[in-house]
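Trainee: For the protein sequence lines, the chains are U and X, in the order given.
With our numbering, letter number 383 in the first sequence gets 622, and the count goes up by one each step, no holes.
With our numbering, letter number 288 in the second sequence gets 527, and the count goes up by one each step, no holes.
These are calculated hints, taken from the structure and not from any lab test.
Treat the numbers as computed from the prediction; the structure is a model and nothing was measured.
A couple of the hints might just be wrong.
Same chains, same label: a pair holds when it works inside one copy or across any pair of copies.
[Claimed, not checked] Below, a list of computed lysine to aspartate or glutamate pairs in the DMTMM-like style, where the Cα atoms sit at most 20 Å apart: (1) Lys628 <-> Glu396; (2) Lys628 <-> Glu346; (3) Lys628 <-> Glu392.
Each chain is listed here by its residues.
There are 2 protein chains.
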Amino acid sequence: MSEEYRAMWEGLGINMRRHDMLLTALPEIFQQIYLGQQQRPEAMGFFDFVVSQIHGIRVKELMDHKAKGGKVFGTFCVYVPDEVIFAAGGIAVGLCGGADFSVPTGEQILPRNLCALIKSAVGFKIGSICPYFQAADVIIGETTCDGKKKTWEILNEYVPTYVMDLPNCRTAADRDLWISELKRFVDKVENVTGNTITPERLAEATALINRKRAAMDRLFELRKARPAPISGLDALLAVQISFYDDPARFAQKTNELCDELAARVQAGQGVAPAGAKRILYAGTPMPIPFWTIPALIEGAGAVVVAEESCTGTRLLAGGQTALPGDGIDRQLAAIADRQLQTNCACFTPNDARIEDILRLAKEYEADGVIHFSLSFCQPYNLEGIRVQKALQQAGIPVLVIDGDYTQEQAGQLKTRIEAFLETL
Amino acid sequence: MSEEYRAMWEGLGINMRRHDMLLTALPEIFQQIYLGQQQRPEAMGFFDFVVSQIHGIRVKELMDHKAKGGKVFGTFCVYVPDEVIFAAGGIAVGLCGGADFSVPTGEQILPRNLCALIKSAVGFKIGSICPYFQAADVIIGETTCDGKKKTWEILNEYVPTYVMDLPNCRTAADRDLWISELKRFVDKVENVTGNTITPERLAEATALINRKRAAMDRLFELRKARPAPISGLDALLAVQISFYDDPARFAQKTNELCDELAARVQAGQGVAPAGAKRILYAGTPMPIPFWTIPALIEGAGAVVVAEESCTGTRLLAGGQTALPGDGIDRQLAAIADRQLQTNCACFTPNDARIEDILRLAKEYEADGVIHFSLSFCQPYNLEGIRVQKALQQAGIPVLVIDGDYTQEQAGQLKTRIEAFLETL
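Using the sequences and the hints given, assemble the complete structure.
Mentor: See the structure below:
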């Protein structure tokens, strides 16, 4: 990472000593996990570059945006509608914390019995070690789990945190509630940005996010090919970067990647031998730089063909958002109707998620499913029990595990993952 | 416990060997914790009798009710409206599991990282060791926490489990959602019982539950006296029994207890020396037979004057339910409006709970507050952080702890509670 951003970080109140430690560690890990892979697509160069500049170039863009009066919204969930934020001239950036580095800092104010993601994210904020957090004018939380729901109340003492009330079920009454929350969010975003969200601007922003979604859909469609044209690690990296990169640029770069992958598929080329076991990942999201699970799977000679996760197919659920031409209310309902097809474990019942996993295992010709959830993530820990049962009944090999971001955990997970792969 | 109920238990499919173990252990624990207390009110005799017959006499009443075609609804939360169940001629019984005895059984199908209450309750069902669970025609769950929300999906494979969709917030839209859930519940209860809920029957049942609530309110009002006229252990026992006893009988017996306590207050008599430290308990519910916390506090010479808990003041929040005379919809709205004053940690924001605790500490002249939550109960674990801060700011001594139902935990809690009491 270049020295040119130091003044910017200092201006953002970054704890430079700890931030230097973080930015020293990351390239080594990235080198070790990513750059030694065989047959990487050339178009991954863009995504590698983004990682190499992880707290630099994009943060600079955010600061330039803010210098012109623009606002930055930090988010944690695919249920927070980027469309609304961009329609008001704001920028949405995903803030999910995926680094063990900041977990002990989070534990200074949070209970240990909480998932690593929440502790990592809060640790980044209270330790002043994430420029995205520092650049955000407001954090948009949601009520997807007990841990996040109650953590926002605490985080709000450190940074303004607005909470969207995502319901527990998906009845008609819950849909009404969610649409009313989207309307309340429009008011909030207008208030923060000082800009009015017109139907035209919302349509434009929805089309922008649709283009980004289409590019990622294409990437996932190409991953169905045998042999797999891209590693699970590389596909995950692209998805991780989708949470904070500029949407238009991301769509373009992902389409360039897809062009290259399409040529590979046409030529029957892959990243792994034709006989490599194909693994469907299912479970909790894998925020950057949490690459442990695909690294272990692919390090053992298998290939991850898809992720049923919020850093995977759940992000893309519902496909393209409809663009009704008759006003904000109908547009928000279209966003809600697209979103509510995302089968988060926060919902009950959530049988559709189990059906998704069975369908994805078939469509991606998976030899087995690895269900991973962060420890203390009760929605996914508990849903894993029913997922396991359903896959066993369908005759699909499955491994259900949980863990955190630590190296200690990685060691234990390695043993279990390798033992599972040997049975396939 | 008399032998006369053995045939009934066998008919209910009870695992007799394990049930015998449970019923052998309970009287010893009860003797040790309860019967050695000084200056117990005579009227506690009724509640002692109920405990001595814990799986007998009330279960027999439920079975007689079922023999006449009546239905039994098992519940776990003060948000499930007993009024609706009794209005349809059903009987509601609280099923919260408070015994470590069944936790290992629950852990056979549930993750360990889940609160003892959920594991105990599920263990009672799948181990066939609770006649109330066996007698229930349907279990009514709710979406108050991730643990319960997702456990119902699993429990439903063992016993029909209906889920009420309690929202995460309390905006006008959430209130509408909850009222729609109460309407859906009316349909469900009518369907299960085969009886129609008329406005007259609902008014009658609401008045019945109001009488029970008034008796408990009176008990809590009397506990404000100095010296305390009743131990925290005894008051808790009465509240625990309120969850499953016949409401009319419970109201009568609790009023008899209150008559005796009122005479004590008048005479300036108490259960503890005038100088005994007065403790407000705040936190998660203490289902029967989880008596550890007040036993430790009172064993160290202090007295628990109130419980800000669902086995305490949260159960009574909102006072008497209004009785509008103009139809079911208005009646359900009145129930909702009373219920939504219960400041469960499932809600965000939930500042009103912190205000409740500050107010109760003052009203009950508490020398300190002990906030206890079950381990892995994320809503209360996390809210405990803000409770602690608010109490410290108000200059009220506070101890925030978490734990489970085991004897090992009790040992650690004893040390911490005694150390806290010494500082007062």
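Trainee: Determine for every hint whether it applies to the structure shown.
Mentor: Outcome of the hint check:
1. Lys628 <-> Glu396: The answer is between: 12 Å across copies meets 20 Å, while 42 Å in one copy does not.
2. Lys628 <-> Glu346: Result: close only across copies, 16 Å inter versus 34 Å intra.
3. Lys628 <-> Glu392: between (36 Å within a copy, 13 Å between copies)
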